[in-house]
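Q: Residue strings, one per chain:
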Amino acid sequence: MAEPIFTVIDDGTPIDVAPRDGAERVRRAQEGGRPVALDEAERVAYLGVSAGERGRRLASLEAPDFTLPDLDGRLHSLSDHRGVKVFLVAYGSW
Amino acid sequence: MISVAVDRSADAARPWIEAAHPTHPSLVDTRHRLADLYNMVNVPTVVWIDERGRIVRPNDVAFGTDTFRHITGIEAARHLGALRAWVRGEMPEMPAERVRALQSLPTSADQQARAVFGLGQWLHEQGRAEAAARHFVTAGELAPHDFMIRRGTMPMRGIDSMGPQFRSMLQEWTAAGNPYYRPLPE
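First to last, the protein sequences are chains A and B.
Per this note's numbering, the first sequence runs over residues 220 to 313.
Per this note's numbering, the second sequence runs over residues 1434 to 1619.
Be a bit skeptical, because a hint or two may be false.
Simulated coverage check for chain B against chain A, where a stretch passes if three residues somewhere in it have a Cβ under 8 Å from a Cβ of chain A [unchecked claim]: (1) 1445-1456; (2) 1459-1467; (3) 1500-1506; (4) 1535-1549; (5) 1556-1565.
Since the hints were made in silico from the structure, they are not lab data.
Here the structure is a predicted model, which means the values were calculated and not measured.
Even glycine gets a Cβ: it sits at the ideal position worked out from N, Cα and C.
Model the full assembly from the supplied sequences, consistent with the hints where possible.
A: Okay, here's the thing in structure tokens:
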């Protein structure tokens, strides 16, 4: 019988691991002060990024880089726009 | 300009983007990456970033038109005027210390809420909608001011994000003395 799978999503990136490895990753993230959300029944955990780490980056005023798709699936990064001013707008259809 | 639809799917954002015919990168962020990186708790949120990639004006609330001014109480012209002056280089740069003073940094509860949201969002992508909805509700309870979570997940929970459940949430929030939009004071 195949071993059951546990999914750990580390800062957005999912990886499938054996359940005991999942538990170990969760434990290490918690010890490191990271926010962890766990759903044992669904066999998935999300490891986030701490307030301290996010806050330090924002307070440095160096704009956090991101890479996101457009409607055609083409990826764009903030860092592609170095050298010009960027007016960044977040909105939602909701 | 870069616009980012923080939305449940590309298809949810598609009609808005196609109607606008943007010439700038118009992106879709289903996993709320931008919210996490920039501590954004509602839309619209705007950030000014200079040529060197530095934040020169932190998260602010701005509208392109006065269409919803009667609801939001926020006038478009003030921000638009400042934005034009900044782009043309006609405005003194805000000192770094002032930018920091105007920033709002995430708390542990904010980041815990985002982790719980992330779990729910992944489950939702997998088609496990019921489990996802549970986590979305928990995430909203952890960060009640985070409408990116509380309102933004409504369509994924089968709730009309402009309907009665949104209006009662808003009513409860504002009756307790909390602002729904938090524009910068200057």
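Q: Now, for every hint given, state plainly whether the structure supports it.
A: Tested hints:
no., hint, in the structure
1, 1445-1456, "holds (count 7)"
2, 1459-1467, "holds (count 7)"
3, 1500-1506, "violated (count 0)"
4, 1535-1549, "holds (count 11)"
5, 1556-1565, "holds (count 3)"
Hint 3 from the list above is the single one not met by this structure.
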